[in-house]
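Chains as they are written, first to last, in this note's numbering: chain A, 57 to 446; chain B, 45 to 562.
Just so you know, the hints here were simulated from the structure itself, not pulled from any lab data. Virtual Cβ for every residue (Gly too), placed ideally from N, Cα, C. It cannot be assumed that every hint is accurate.
[As the list claims (entries may be wrong)] From chain B, some residues computed to sit far from chain A (all C-beta separations above 10 Å): (1) 103; (2) 155; (3) 171; (4) 184; (5) 207; (6) 222; (7) 233; (8) 272; (9) 289; (10) 294; (11) 391; (12) 393; (13) 402; (14) 418.
[To be verified] Pulled a few chain A residues facing chain B out of the computed Cβ check, cut under 10 Å: (15) 76; (16) 103; (17) 324; (18) 325; (19) 327.
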Amino acid sequence: MSGLKKFFAKDGTKSVVSSLISILIGLVFGAIVVFIVGMSKKTIGVKGAWEGVRLIFFGVLNTGRSATGALTWGFNASNLGNMLFRATPVILTGLSVAVAFKTGLFNIGAPGQYLMGTLTSLAIALSIPSSAMPTWLIWILAFVGAMAAGAIWGAIPGLMKALFNINEVIACIMTNWIAANLVTWFFDGSVFCNVEEYGKTGYIYKTSYNNVATTKLGLDKIFAGSQANAGIIVAILLAVAMYIMMNKTTLGYQLKACGSNRHAARYAGIKDKRNIVLSMAIAGSLAAAGSALYWLAGNTEFFWSTYQSLPATGFNGIPVALLALNNPIGVVFAGIFMAMLNIVGMQLSNLTAYNEYLTDVIIAVIVYMSAFSLVIRMLLNGRRRKEGKK
Amino acid sequence: MANNSEYVIEMLHITKEFPGIKANDDITLQLKKGEIHALLGENGAGKSTLMSVLFGLYQPEQGIIKKDGVEVKINNPNDATALHIGMVHQHFKLVDVFTVLDNIILGAEDTKFGFLQKKEARKKVKDLSDRYGLHVDLDAKVEDITVGMQQRTEILKMLYRDNEILIFDEPTAVLTPQEIEELMQIMKNLAKEGKSILFISHKLNEIMEVADRVTVLRRGKYVATVNTKDTNKQELSNMMVGRPVQLQVVKDEAKPTDVVLDIKDMCVYNEVHKKDAVHNVTMQVRKGEIVCIAGIDGNGQTEFIHGLTGLSKITGGTVKICGKDVTKASISGKSENMSHIPEDRHKHGLVLDFTLENNLVLQRFQDPQFQNHGFIKFDSVRKYAEDLIEQFDVRSGQGPITIARSMSGGNQQKAIIARELDRNKALVVAVQPTRGLDVGAIEYIHSQLVKQRDEGKAVLLVSLELEEVMSLSDRILVMYEGEIVAECDPKKVTAQELGLYMAGAKRQDNKDKEVAGA
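Turn these sequences into a full structure, and let the hints steer you where they fit.
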């Protein structure tokens, strides 16, 4: 047993180190870009560029500017809390992509599954009057309902793949757009209670209108002034559950066997078709859970009319999973890291003359490097092997 | 270039290292003009590395290459071609939809104002094929011609480029006995005409028949170069493996008893070719015998085994194992009394990215021995893997936690055999269990199969290697175009006769009467 543990540890270390290296390269590259942009802009200059570079690395820990105009650093409760809040959905879409990847499937359908989660969670949370049953029960129904809807939406491409050998990427893209239009159509015709804004109704949905909101669990005390809630804990618990499922159970063994070599799995009597559908259904339910946790928070507002496009959170699951090398535990950290960059972007635009979209450049580089994290891992492997021989 | 050297190619003290392993360690190979020189070694002995060095694919750390006594630098395959070195790969590099002639001139076309000049090319190829007895149909498409003719096309390709040094990489693996004989004759003709031939093989019979000298490699090291007339098969295989090897299969008379596998009129439909790939096969395998299905690759053996084991659907007839009708059973249902050593160990046999221990429990992870309420018992998996590894002598870098992909072919196959035989089923189906393996591993696998038979198992073997068929089986069934065309006793039948059955030139009907076939 200790040998096996050691093996996992070793493998884990390699994953973590290679991901950290790609993050570091991304940040350094981002810093260079920030510096160059700063130098070429009169409004920023050397001092501003240096501030930008520091914000790129430590933006979440910035507490603003002192009276003299210097950046001040420390525990920024609202930044950190918002980081956790924003990380929640992206951890789950990342988990969705990672679990599918582990079983040999590319779940590019996370945005669609996320949208189905949006539709179901909002529909349940807003259509059951809070006078009819306790709001926590409504919350749970909405959450579970969203996961079920996501599972069904994920299972569709899975079924197509299993039965007709249709590539899951194509089927996922189709179901994404079907979901986008379905959601728009649904809310267009809905009669849920909603926020009135600028005299318009039927426009913005917010679950706290029906008194449904994720419990704060004291996180609002620790991270005062932020949107942090228990959602992040649910996300972490799901990640741990996925880790256990993939690595410790016969179910995970089967799923991985099918993903790694469908033919060999079939040869061994494993039901490959069932496993493909199951794997996609699990992935779909995770993406939808991320969506439910976001919309059920109570302080988020859903504008249906803008939802003819696909949510970026769904697609962001892909880089998160890549960065985490598909390790469910790694996904938690990768998701938090992506959320951190998001906060950093806001800090940049609030405190300096930089445009917040600069962080998108950094995210792009890190995503690019995360593909390289496999290469870095291989380099680490090669190095270890060489050392072992010496 | 002055030709004052006895040798046309010399590879002197070649050392090629890869991270952590010396693939070639101080190897010297000298090829005389006009000789057939065999390069013999187990898998992983460094044969292909050495040839890749000669071809310019790798640069050696140490050592030099001389052509006609003059040192040359071969930095890439183009350099090799310029030095008139040509190679027939094990898997032919031909364009299926091109004609033979087009394939031969491909890459060395004569053009005038950008137009192909096929007329002269045709004449040159025709001359070459007449001169060396290489019969090909120049206007036939490659996809329509036999494997033997494809190989002759490859040889003509080398000759068309005026290559002087011809490398044959395991050329006989895909041929029938008749075609092998033809090839041997062609090689001798080529040598007579002054071409120098390097012949990579691990088939001792062929080396003894055709080669003048043999260089033996073992684990990246040079062992010896000997004249074939001064040595024998036993000595060569001992040199290659590094210990005395049992070449002959040792077994007693079979004492078959009860019927284990009973197949009646089995058909398997092929969706691609819209016809039965397996047609009305009726056969039995009894306890205590090894029944072998012989035949040339692609005559329905694969489909037959897939039908039997459940990887494809059976479209007609019945299959009974141990008296139980399993015609329509699922894969796991069929394997209740059957273990299956699959033909393609990478596709079906192993999950290559899994660890060895996970591969060893591929069918059994649901057994209570290995799981508790869906949670894998890692301790017992480890223990079981360690036992099997020890019992079947599976060698790997890190034991149970070795990734299967990193293991050598022989040890991968041993792992599959360990897993399958340990399941202890009444019927053992082994499909080409020794393909691509060296004599040491073959010896081991043959002895294991004989042991299974002696323990009262029914063994069904599918093999393309005639020698294996003849030496291992107690009964031979020849499959041709999806049908069993002959049943032979290996003690009575000759390889030539089997070859005729396999090629469809001869067949038995139910009363053992011979009729003219295709």
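Residue 391 of chain B remote from chain A - nearest C-beta pair above 10 Å: Label violated. Min Cβ-Cβ 5 Å, cutoff 10 Å.
Status of the stated non-contact between residue 272 of chain B and chain A (beta carbon gap over 10 Å): Non-interface label on residue 272 of chain B holds, nearest chain A Cβ at 37 Å vs cutoff 10 Å.
Supplied contact hint for residue 324 of chain A, tested at 10 Å Cβ to chain B: At 4 Å from the nearest chain B Cβ, residue 324 of chain A passes the 10 Å test, so the hint holds.
Interface-negative label, residue 171 of chain B against chain A, beta-carbon threshold 10 Å: Correct as stated: the minimum Cβ-Cβ distance to chain A is 48 Å, above 10 Å.
Distal placement of residue 294 of chain B relative to chain A, Cβ over 10 Å: holds (31 Å)
Claimed clearance of chain A by residue 402 of chain B, with the beta carbon kept past 10 Å: Per Cβ check, residue 402 of chain B is inside 10 Å of chain A; nearest 7 Å; violated.
Given as non-interface: residue 103 of chain B, which should sit over 10 Å from chain A by C-beta: holds (19 Å)
Status of the residue 103 of chain A interface restraint (C-beta, 10 Å, chain B): violated (48 Å)
Given as non-interface: residue 418 of chain B, partner chain A, CB spacing beyond 10 Å: The claim is violated: residue 418 of chain B sits with its nearest Cβ about 5 Å from chain A, within 10 Å.
Assertion that residue 207 of chain B lies outside the chain A interface [Cβ separation over 10 Å]: holds (37 Å)
Status of the stated non-contact between residue 222 of chain B and chain A (beta carbon gap over 10 Å): Residue 222 of chain B is indeed farther than 10 Å from all Cβ atoms of chain A, at 34 Å.
Whether residue 155 of chain B stays farther than 10 Å from all C-beta atoms of chain A, as the label says: holds (42 Å)
In the structure shown, a violation is registered for the earlier hints numbered 11, 12, 13, 14, 15, 16, in ascending order.
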